[in-house]
Amino acid sequence: MKNPGSLPDKFNPSRPKTRNGQLFTVSPGIHTEALLANASEDLLSISAIAADLADDVEGRSRSVALAISRMADGVYLLVERALDHIASPNPAAPPIKT
Numbered sequence: 001m002k003n004p005g006s007l008p009d010k011f012n013p014s015r016p017k018t019r020n021g022q023l024f025t026v027s028p029g030i031h032t033e034a035l036l037a038n039a040s041e042d043l044l045s046i047s048a049i050a051a052d053l054a055d056d057v058e059g060r061s062r063s064v065a066l067a068i069s070r071m072a073d074g075v076y077l078l079v080e081r082a083l084d085h086i087a088s089p090n091p092a093a094p095p096i097k098t
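Note that the UniProt record's numbering has the sequence shown beginning at 1, numbered continuously upward.
Please keep in mind that the hints were generated in silico from the structure rather than gathered at the bench. The C-beta atom is built at its ideal place from N, Cα and C for all residues, glycine as well. A couple of the hints might just be wrong.
Claimed, not checked - Pair by pair, the computed Cβ-Cβ distance ranges are:
| id | residue 1 | residue 2 | range |
| --- | --- | --- | --- |
| 1 | Ile86 | Arg62 | 13 to 21 Å |
| 2 | Gln22 | Val75 | 18 to 26 Å |
| 3 | Val57 | Arg81 | 28 to 36 Å |
| 4 | Thr25 | Val75 | 16 to 24 Å |
| 5 | Arg60 | Gly29 | 42 to 50 Å |
Sequences and hints are given; from them, build the entire structure.
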């Protein structure tokens with residue numbers, strides 16, 4: 001039996017299901033270009049932080065920090081290429097010549 005003072009179900013929309021332990025979510029209505037632009041900026045930040053850390057440490061820790069910086073740089077280039085494809089009139093990638 002329903003509580004007579006409760007609101008109908010239509011006024012209590014269900015929340016989207018989230019994975020257990022998921023702390024952050026991305027709003028579903030964000031355009032792909034905006035998502036990629038934010039990812040690009042975050043990758044630049046990660047690279048800068050790792051490069052700064054590499055200046056302050058030595059040995060294996062320096063190698064790890066430099067590797068993180070370089071990996072972030074590589075992924076940044078991939079994201080920038082994806083943004084270029086979105087901005088171009090023909091977003092399909094040209095065929096690779098062999």
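Hint by hint, here is what the structure shows:
| no. | hint | result |
| --- | --- | --- |
| 1 | Ile86 <-> Arg62: 13 to 21 Å | violated (36 Å) |
| 2 | Gln22 <-> Val75: 18 to 26 Å | holds (22 Å) |
| 3 | Val57 <-> Arg81: 28 to 36 Å | holds (31 Å) |
| 4 | Thr25 <-> Val75: 16 to 24 Å | holds (21 Å) |
| 5 | Arg60 <-> Gly29: 42 to 50 Å | holds (44 Å) |
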